[in-house]
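Please put together the full structure from these sequences, using the hints given.
Chains as they are written, first to last, in my numbering: chain Y, 27 to 175; chain B, 169 to 669; chain V, 148 to 568.
Derived by calculation from the structure, the hints in this document are not laboratory data.
Backbone N, C-alpha and C fix where the C-beta goes; we use that ideal spot for every residue, glycine too.
Careful: at least some of the hints might be erroneous.
[Stated by the list, open to error] Under 7 Å between C-beta atoms, here's a sample of chain Y residues computed to sit facing chain B:
#: 1; residue: 36
#: 2; residue: 45
#: 3; residue: 57
#: 4; residue: 68
#: 5; residue: 76
#: 6; residue: 78
#: 7; residue: 79
#: 8; residue: 149
#: 9; residue: 150
#: 10; residue: 154
#: 11; residue: 163
#: 12; residue: 167
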Amino acid sequence: MKKVYVKEEVCVGCRLCEVYCITSHSKYKDVLKAYKLETQRPTPRIVIEENKPVSFSLQCRHCDDAPCVKSCITGAMQKDPLTGVVTCDTDKCVGCWTCVLVCEFGAIIRDVNNKVASKCDLCAEAGEPACVKNCPNEALVYSEGGISV
Amino acid sequence: MSLSYLTPEFKVLRDYDKCINCKVCMRQCSFEVHSYDEHLDKMISNDMNCVNCQRCVVLCPTQALTIIKHPQTFKEHANWTYDAIRDIYRQAETGGVLLSSMGNDRPYPVYWDKIVINASQVTNPSIDPLREPMELRVYIGRKPDKIEIDENLNVKTKMPPQLKLETPIMFSAMSYGSISYNAHAALARAAEELGILYNTGEGGLHKDFRKYGKNTIVQVASGRFGVDREYLNTAAAIEIKIGQGAKPGIGGHLPGEKVSEDISATRMIPPGSDAISPAPHHDIYSIEDLAQLIYSLKEATDYQKPVGVKIAAVNNVAAIASGIARAGADYIAIDGFRGGTGAAPKRIRDNVGIPIEFAIAAVDARLRSEGIRHTISLVAAGSIRNSADIVKAIALGADAVYIATAALIALGCHMCQKCHTGKCNWGIATQDPNLVKRLNPEIGYKRLVNLVQAWSHEIKEMLGGMGINDIESLKGNRLMLRGIGMTQKELDILGILAAGE
Amino acid sequence: MRIVIIGNSVAMVGAVEAIRKYDTSSEIVVISDETYHVYSRPLISYYLGNLVSEDKMIYREKDFYRKNKVETVFGIKAISIDERKKEVYLEKGDSISFDKLLIATGGKPIIPPVEGLNKKNVHTFIKMDDAKKLKEAAKPGSKAVIVGGGLIGFKAAEGLHHLGVDVTIVELADRILSTILDAEGASLVSQSLQNDGIKIITGTTVDKIIGDEYVKGVLLKNGQELEADNLIIAIGVVPNVDVVKNTSISINRGILVDNTMKTSVEDVYAAGDVAEGYDMLVESNRVVPIWPNAYMQGEIAGLNMIGINKSFKGIFPMNSIGYKNTNMITAGITNPQQEEFEIISKIDHNRKYYKKFVVKENRLVGFILINDIDRAGLFTGFIKNETDITPFKKYLLNDDFGFIYLPKKLRKAKMLDLEVV
Chain Y
27 MKKVYVKEEV
37 CVGCRLCEVY
47 CITSHSKYKD
57 VLKAYKLETQ
67 RPTPRIVIEE
77 NKPVSFSLQC
87 RHCDDAPCVK
97 SCITGAMQKD
107 PLTGVVTCDT
117 DKCVGCWTCV
127 LVCEFGAIIR
137 DVNNKVASKC
147 DLCAEAGEPA
157 CVKNCPNEAL
167 VYSEGGISV
Chain B
169 MSLSYLTPEF
179 KVLRDYDKCI
189 NCKVCMRQCS
199 FEVHSYDEHL
209 DKMISNDMNC
219 VNCQRCVVLC
229 PTQALTIIKH
239 PQTFKEHANW
249 TYDAIRDIYR
259 QAETGGVLLS
269 SMGNDRPYPV
279 YWDKIVINAS
289 QVTNPSIDPL
299 REPMELRVYI
309 GRKPDKIEID
319 ENLNVKTKMP
329 PQLKLETPIM
339 FSAMSYGSIS
349 YNAHAALARA
359 AEELGILYNT
369 GEGGLHKDFR
379 KYGKNTIVQV
389 ASGRFGVDRE
399 YLNTAAAIEI
409 KIGQGAKPGI
419 GGHLPGEKVS
429 EDISATRMIP
439 PGSDAISPAP
449 HHDIYSIEDL
459 AQLIYSLKEA
469 TDYQKPVGVK
479 IAAVNNVAAI
489 ASGIARAGAD
499 YIAIDGFRGG
509 TGAAPKRIRD
519 NVGIPIEFAI
529 AAVDARLRSE
539 GIRHTISLVA
549 AGSIRNSADI
559 VKAIALGADA
569 VYIATAALIA
579 LGCHMCQKCH
589 TGKCNWGIAT
599 QDPNLVKRLN
609 PEIGYKRLVN
619 LVQAWSHEIK
629 EMLGGMGIND
639 IESLKGNRLM
649 LRGIGMTQKE
659 LDILGILAAG
669 E
Chain V
148 MRIVIIGNSV
158 AMVGAVEAIR
168 KYDTSSEIVV
178 ISDETYHVYS
188 RPLISYYLGN
198 LVSEDKMIYR
208 EKDFYRKNKV
218 ETVFGIKAIS
228 IDERKKEVYL
238 EKGDSISFDK
248 LLIATGGKPI
258 IPPVEGLNKK
268 NVHTFIKMDD
278 AKKLKEAAKP
288 GSKAVIVGGG
298 LIGFKAAEGL
308 HHLGVDVTIV
318 ELADRILSTI
328 LDAEGASLVS
338 QSLQNDGIKI
348 ITGTTVDKII
358 GDEYVKGVLL
368 KNGQELEADN
378 LIIAIGVVPN
388 VDVVKNTSIS
398 INRGILVDNT
408 MKTSVEDVYA
418 AGDVAEGYDM
428 LVESNRVVPI
438 WPNAYMQGEI
448 AGLNMIGINK
458 SFKGIFPMNS
468 IGYKNTNMIT
478 AGITNPQQEE
488 FEIISKIDHN
498 RKYYKKFVVK
508 ENRLVGFILI
518 NDIDRAGLFT
528 GFIKNETDIT
538 PFKKYLLNDD
548 FGFIYLPKKL
558 RKAKMLDLEV
568 V
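As structure tokens, then:
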């Protein structure tokens with residue numbers, strides 16, 4: 027399936043991916059409104075790592091054999107059998123963080139305010155992940171089967 | 169030193185209605201202009217550090233930033249200008265030579281803009297390049313005195329080595345050291361894609377880029393950095409660098425701290441040592457000495473590769489060029505006084521040398537009058553800004569042009585003229601790994617290809633307009649040009665008529 | 148082919164989902180003494196504390212059985228197995244024959260031999276009915292004593308605290324959560340409980356239950372007497388192997404299984420809390436009664452039952468558990484006493500952060516993370532993949548530890564879905 031991959035060699039560490047991730051999962055879907063009007067902005071669904079000069083963002087890998095799905099104690103974490111996208115049903119999630127325990131990528135983020143797991147959904151509604159679309163240096167790519175380096 | 173008398177050159181205007189405190193500007197500014205103030209819960213800016221490179225402006229997700237020239241002025245004085253006064257403050261504070269980068273930014277007349285191009289009307293009708301073949305390919309190199317053809321129309325004459333360019337544009341010399349690895353990667357790949365050449369400059373050829381050899385011109389400069397047999401033989405052509413338009417008559421100096429492992433390996437000097445390019449080549453004091461180096465290089469490459477010579481455009485350029493042609497060079501690159509640089513003493517950059525427009529016209533005329541024009545190709549350099557400049561340069565007698573500043577602008581350069589600081593926020597004129605990665609060669613090469621292709625389309629349109637279907641037919645065709653607002657002397661040197669004549 | 152599964156919890160779901168991925172024709176029969184739609188056992192403490200309503204406890208959608216063509220035999224206990232005749236006998240005399248059998252009967256509470264267990268309001272706490280009964284009995288302002296400060300007792304304490312019950316935990320060991328935490332960790336966690344008024348008594352256990360018809364209190368072995376309106380026995384669980392007694396299926400503590408979850412008898416499999424499978428860290432068989440393990444074992448069993456050979460690499464204990472805003476994630480060997488283990492740890496009393504890594508021969512074999520639990524899975528991954536941590540060992544305690552500290556090659560292989568060469 028198509029996933030988000032990062033070319034760390036050209037990641038500029040600007041964190042625009044985070045800005046647009048928040049925006050994409052906000053009520054207004056607009057940067058300015060998401061930041062200015064929403065008192066509780068969404069938790070970013072990506073992890074950004076930086077140890078200069080290297081930086082990159084990391085999104086859920088939507089593993090074939092997703093341990094978060096198998097380990098979820100409530101059944102909130104599900105993998106869509108057709109698209110392969112792993113999503114968390116926040117109505118069911120109780121914030122037990124078992125998914126945080128088992129995700130080898132550390133790609134599941136704790137939304138502490140709402141006590142639910144927050145993770146990349148590949149911007150299912152928008153069609154293309156917002157982080158990829160707005161990466162100013164094409165460091166993030168949305169592709170099938172890894173990327174050549 | 170006590171208080172600095174310098175005030176900010178630029179002012180950062182932040183629209184707080186739009187600023188979302190995302191700190192992208194802060195993370196992207198290598199000059200540390202922006203910072204987040206916890207107590208104010210606001211982004212703030214230190215105008216003093218701003219160089220107006222506009223990295224923050226471009227990356228800001230809400231367009232909250234504008235950078236303007238600082239409104240602070242001195243009492244208006246036509247002679248003691250803003251720059252004149254500030255330069256004195258700066259030197260009074262530091263006692264040093266003022267450094268600057270990129271090309272001469274003084275308001276000298278731009279002669280390209282005083283030249284206009286002809287077009288056909290009624291007679292000798294214009295050609296539509298979309299419907300009819302149009303040739304932009306040129307060959308750089310010495311042409312034989314005559315061509316012999318056998319009964320099958322094959323050329324019998326043994327041709328000297330030639331460089332084939334699909335369009336009369338090359339990327340001029342910029343060393344690895346002055347620009348980044350990624351900038352080189354973009355240039356090399358674009359040259360390959362476009363069927364043209366890029367030039368390593370005097371900093372040697374990185375091993376990763378040897379694969380682009382057939383699209384590479386390697387330089388042999390006074391520092392002889394990175395020069396060995398393999399270097400010479402990997403390339404398509406060799407260029408002896410005598411001078412550079414931005415700083416004629418002086419050498420270069422890459423400080424030891426910029427000589428990283430990678431640069432040291434490429435330049436073939438110890439890491440951390442200063443890379444000094446002497447002002448002259450210590451083995452060249454005459455045309456005869458130059459001839460010796462040209463033939464040494466030809467010998468080293470088995471006479472398979474053109475050897476060119478690059479000089480800065482200065483007084484008596486025509487006579488110098490004639491000497492270079494007679495010394496056996498296959499091409500001569502002439503760099504006008506607006507040529508860019510990664511670092512040059514400001515006074516030299518702004519006051520030494522002559523415009524390329526005059527140099528190219530004078531050299532072409534001189535070589536023609538001596539009957540040796542065909543023995544050498546002419547490459548015009550030093551601020552070619554668009555396709556019309558190229559058409560004018562070729563009509564004035566150039567075979568091709570070199571572009572560098574334009575190429576860097578295509579890669580993202582915003583002409584802040586701070587290359588010498590090594591803090592280029594666009595990842596071009598820097599070796600800082602935090603900054604280099606900002607130039608993605610994948611994007612960069614495509615932008616370069618786009619630029620050169622766009623210009624090539626425009627050149628074809630202009631050629632077609634003149635009723636010409638081959639760029640070679642434009643070469644030295646000064647009848648296609650007219651001058652506006654020039655003195656008779658200037659028109660004479662350019663060899664063109666005044667508009668209306 | 149008829150596949151019979153005894154048990155209706157997560158191992159069953161793992162098996163059914165694995166089977167139905169490849170096999171839509173085999174019959175699947177699920178037998179359970181409970182009558183509930185498959186629900187999440189770990190959620191009973193959330194239910195108890197009114198954090199989750201009963202309808203939210205279902206682990207799979209309402210159409211799970213229908214969609215997966217599963218025949219359910221609920222409310223009836225499977226009491227024995229004839230492995231030669233391939234029959235499962237039910238408590239009311241019926242029997243069901245099978246081609247393949249999966250035993251996923253889970254665990255049952257350990258009941259200590261103390262006097263007075265038959266009094267009312269003595270509870271265990273592992274099933275939905277336990278939670279319902281306790282919730283009914285535990286009134287705000289009442290007192291509860293929890294015997295056992297392990298995972299079950301800890302979660303019961305949280306649930307009861309949310310109900311406004313005055314809770315005392317009695318733990319035989321010198322600290323609560325002794326199987327997953329060391330002294331430092333337990334002390335941090337204990338503080339957060341004690342700050343909420345939950346009392347913790349360690350180093351002793353119940354000697355006698357006091358009361359008449361109803362529990363009134365307990366007498367501890369140290370002589371202390373505690374009042375109690377409810378008593379929760381939460382000492383631990385043992386594999387519920389009742390159904391395989393009197394068969395040739397080998398049992399140690401749990402039902403012994405190989406790495407395909409097969410028992411000693413052909414066509415009979417076991418998974419989940421009842422199974423004793425391979426623990427890759429202690430390198431021997433062990434019962435690891437945790438939810439994720441049960442799903443994965445069920446899945447492996449399911450696949451092997453339909454002839455898809457897939458083996459289990461092994462499991463190790465791991466837990467994510469919390470009390471209000473105190474969260475902890477632990478895995479593997481967390482509190483070794485032997486010298487061959489290297490300990491890397493850091494405690495931050497201000498932020499109440501604790502991190503401890505247990506290393507053996509350059510491999511991570513266990514960790515404790517308290518409160519600073521983000522990205523814990525990275526470490527779980529290192530344990531599972533037996534990653535040589537030498538190149539980044541010195542960064543493990545960094546607040547921003549992540550892939551960034553891994554050697555570039557390893558990092559890229561992981562992040563870009565490339566094969567490690």
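Status of each hint after checking the structure:
1. 36: With Cβ-Cβ at 4 Å, under 7 Å, it holds.
2. 45: holds (5 Å)
3. 57: holds (5 Å)
4. 68: Since chain B brings no Cβ nearer than about 14 Å to residue 68(Y), farther than 7 Å, the hint is violated.
5. 76: violated (9 Å)
6. 78: holds (6 Å)
7. 79: Where the cut-off is 7 Å and the nearest Cβ of chain B is about 4 Å from residue 79(Y), the hint holds.
8. 149: This interface hint is violated because 16 Å lies over the 7 Å limit.
9. 150: violated (22 Å)
10. 154: violated (17 Å)
11. 163: holds (5 Å)
12. 167: Hint on residue 167(Y): violated, closest Cβ of chain B at ~10 Å, above 7 Å.
In terms of the numbered hints stated before, the structure departs from hints 4, 5, 8, 9, 10 and 12, listed from lowest to highest.
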